[in-house]
Amino acid sequence: MKYIDPHIHMVSRTTDDYQRMAQADCVAVTEPAFWAGFDRSSPAGFFDYFRQLTDFEPKRAAQYGIAHYCWLCINPKESEDMGLAREVIKIIPQFLERPNVLGIGEIGLNKNSRNELTILEEQIALAKRYDQLILVHTPHLEDKRKGTLLTLDAMKNAGIDPGRVLIDHVEEHTVKEVLDRGYWAGMTLYPDSKCSPQRAADIVECFGDERLWVNSAGDWGHSDPMSVPRCQMEMLRRGHPRKLVDRICYANPQTFLSQSERFKVTWE
Amino acid sequence: MANTSPRKSCPMARSKVIDTYFIEHRHKLLDVAAFLDRVDRAPGSEDDDVRLVAMRDAIALLIDGKADRARRILDLFSDTSVEPIAKAPGKGAIGAPVAYRGEPRLGSRG
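As given, the protein sequences belong to chains A and B, one line each in that order.
Yeah, the first sequence ends on 270 if you go by the working numbering, and it's all consecutive.
Yeah, the second sequence ends on 1315 if you go by the working numbering, and it's all consecutive.
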């Protein structure tokens, strides 16, 4: 079954992964800007990273028939240094007109600090100023619930339309709040943390199929770019209709992402 | 824009859920048991490490007979403070709130 992986960091994956994903019928990926595993030393590092996301990665993906889109931001882990963060925010607008840029992301919080929250608010304002979609990272483990609530409040305070925001990495203790407030919710399927294909299927059964999707968030850590197909198989194994599986793994991402005129993947 | 009420249904019959998933989760349960045994065998005295305290409380939630175990365990492992902190102490998370039950305890981490 064809699918979209709406959150995967292909800069950290080999071309073998593109091949496997294409064979599994992945038609598109969207790649948020994230932490490289180390702190970049200057805004120039981010400038080159944004070039990689907007120029090199789409070409690499195209070799396997996969459409590549991206999101731009200063990520939460590097937001504590507000001076650097603000310099990076200044260079984002010049990339927003690139043909594969969908919006601002993955912004959010990491340890829920004041500096992180200030930079989050400034990037929300940037997204609003340039009428961009927003993709949000919610913190890891013990910080997730608090960070999700702080982020939702920041969005509300800025007057952002929830229908243009994807709150990612939801789990059982955050998904209801996200959906009840009208946001889109992403379930990230990791081998050891965040969600799993089984729990994602459980969440769909408990909360329905509106504004909900799955992704692999494949990165340089222990992750699996085949997570979305695994979730498709899990849902089919349980006896869910293919229409529901298609909704979670293709139609919902397609609907949300099509709010950007740059997203060209259509129904067939 | 409230979401619809949770439907909480599973397309599989209960017997089929057990048939399908039991062996895998028996395996995972053994992993948890072996981890706790390993902690006991390892030298040191971090019995009150916040992560172990939280894990033991989480295990109790598994068999308390109430619903929404996954959500309640995630809540138990969550920082319940509401205000942003002054400064990020680092980048990583440890899996349980440092001030679990109001007492910061991280074993040998202090």
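Treat each hint with caution, since some may be false.
Stretches of chain B that chain A covers, calculated by requiring three or more beta carbons in the stretch to come under 8 Å of a beta carbon on chain A [stated by the list, open to error]:
#1 1215–1228
#2 1289–1297
Computed spacing ranges between beta-carbons, pair by pair [said to hold, decoys possible]:
#3 S260(A) / L1235(B): 32 to 38 Å
#4 G1270(B) / A160(A): 39 to 45 Å
#5 S260(A) / F1227(B): 37 to 43 Å
#6 Y1226(B) / R22(A): 25 to 31 Å
#7 H1230(B) / I93(A): 45 to 51 Å
#8 A46(A) / K1271(B): 38 to 44 Å
#9 A160(A) / A1265(B): 50 to 56 Å
Bear in mind the hints are in silico, worked out from the structure with no lab data behind them.
Where a beta carbon is used, it is the ideal one built from N, C-alpha and C, also for glycine.
Here's how the hints hold up against the structure:
Given as covered by chain A, the stretch 1215–1228 of chain B passes the check, having 5 residues with a CB less than 8 Å from a CB of that chain where 3 are the minimum. With 9 residues having a beta carbon nearer than 8 Å to a beta carbon of chain A, the stretch 1289–1297 of chain B meets the requirement of three or more and the stated coverage holds. Between S260(A) and L1235(B) the beta carbon distance is about 46 Å. The supplied range of 32 to 38 Å is therefore violated. Distance hint check for G1270(B) and A160(A): the Cβ-Cβ separation is about 43 Å, which falls inside the suggested range of 39 to 45 Å.
In this structure, S260(A) and F1227(B) meet the distance hint of 37 to 43 Å, their C-beta atoms being roughly 42 Å apart. For the hinted restraint 25 to 31 Å between Y1226(B) and R22(A), the CB-CB distance of approximately 26 Å keeps it satisfied. Look at H1230(B) against I93(A): about 48 Å separates their beta carbons, and that is inside 45 to 51 Å. Distance hint check for A46(A) and K1271(B): the Cβ-Cβ separation is about 54 Å, which falls outside the suggested range of 38 to 44 Å.
For the hinted restraint 50 to 56 Å between A160(A) and A1265(B), the CB-CB distance of approximately 41 Å leaves it violated.
The structure does not agree with the numbered hints 3, 8 and 9 stated previously, though it agrees with the rest.
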